[in-house]
Amino acid sequence: MGRASVVDSVIERLEDLIFSRLEPGEALPSEGQLAEALGVSRLSVREATRTLEARGLLDISKGRRPRVAAPNGSLVGDFFQIAVRRDPRALLDLLEVRRALEVHIAALAARRATSSEIADMEMSINAMRAADHQFEAFHTADVRFHENLAAASGNRMLVFLIEAFAEPLRESRQRSFAGHTARGGRVDDVIEQHQAILDAVKARNPKAAAQAMREHLQQTEQDLRALLQRAGERAGASEA
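So the number in the working numbering is just where the residue sits in the sequence shown, counting from 1, plus 11.
Just so you know, the hints here were simulated from the structure itself, not pulled from any lab data.
Bear in mind that the values here come from a model prediction, so they are computed numbers and not experimental data.
Treat the hints loosely; a few may be bogus.
Unchecked claim - Quick list of simulated restraints, FRET-style, between CB atoms:
1. Gln185 to Ala48: 44 to 54 Å
2. Asp98 to Lys218: 30 to 40 Å
3. Gly36 to Arg241: 20 to 30 Å
4. Gln145 to Thr62: 40 to 50 Å
5. Ile71 to Gln229: 15 to 25 Å
6. Arg241 to Glu107: 14 to 24 Å
7. Arg236 to Arg76: 45 to 55 Å
8. Glu226 to Ala138: 15 to 25 Å
9. Leu28 to Gly74: 20 to 30 Å
Think of the CB as a built atom: it goes at the ideal place given N, C-alpha and C, for glycine as much as any other residue.
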């Protein structure tokens, strides 16, 4: 095999080791042990581990064996963050992603939430109320509510995705809230939408929880569209 094929083969074998036998924080065998076990050169092992480091699967520190990295959604989040900054209308695409995930998350949370997870969501809503027009604190509490809701779904992959979207979702919420207030909406309106979701979760009513989330995201879409329309009108006026 050519060198590239050898390295690709090593990468595949190491991926299998990482995903099937090792936990985050555990070290790989030494470079020499891996080279001997896989029948390749140490250089091929080194190139493979560097590739896996670049992909976020390994942590490599000087003088230490590579270790399995903790799951990290930063690459996913970065993609959406860049897309939104390049074209604000991508916020509507992100909202469709949210709808696909969070309506289902709400239904799962209504079935599975523990008392402590419900308490976490209540704390997030209380923090939204206590923010009192301190909008950075308000949006932070909003993000935390949705992360708590995802945790209550009991599905670690859904939690990972919602946490990966944290920064682009924060920007989405900031902009949708700006559209909400521009349309004459109030902070209390947003809090009430979150409270409706939590009430359905506490009532163990998956259909009601899903519907409350769906309505919340429909309102968010209207707010985003209002903001984008105003931005388009201002851009048109400046060009005229």
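Verification of the hints:
Evaluation of the 44 to 54 Å hint for Gln185 and Ala48 yields a pass: the beta carbon distance comes to about 51 Å. Judged by the Cβ atoms, the range 30 to 40 Å given for Asp98 and Lys218 holds: they are separated by roughly 35 Å. Remark: the range hint 20 to 30 Å for Gly36 to Arg241 is contradicted by a beta-carbon distance near 48 Å. The beta-carbon spacing between Gln145 and Thr62, approximately 44 Å, falls within the hinted interval of 40 to 50 Å.
Checking the proposed 15 to 25 Å range against Ile71 and Gln229 shows it is violated: the Cβ atoms sit about 46 Å from each other. Taken as a hint, the range 14 to 24 Å holds for the pair Arg241 and Glu107, whose Cβ atoms sit roughly 21 Å apart. A C-beta distance of roughly 52 Å is found between Arg236 and Arg76, which places it inside the suggested range of 45 to 55 Å. For the hinted restraint 15 to 25 Å between Glu226 and Ala138, the CB-CB distance of approximately 22 Å keeps it satisfied.
Distance hint for Leu28 and Gly74: a CB-CB separation of about 22 Å, consistent with the stated range 20 to 30 Å.
Comparing the model with each earlier hint shows violations of hints 3, 5; every other hint is respected.
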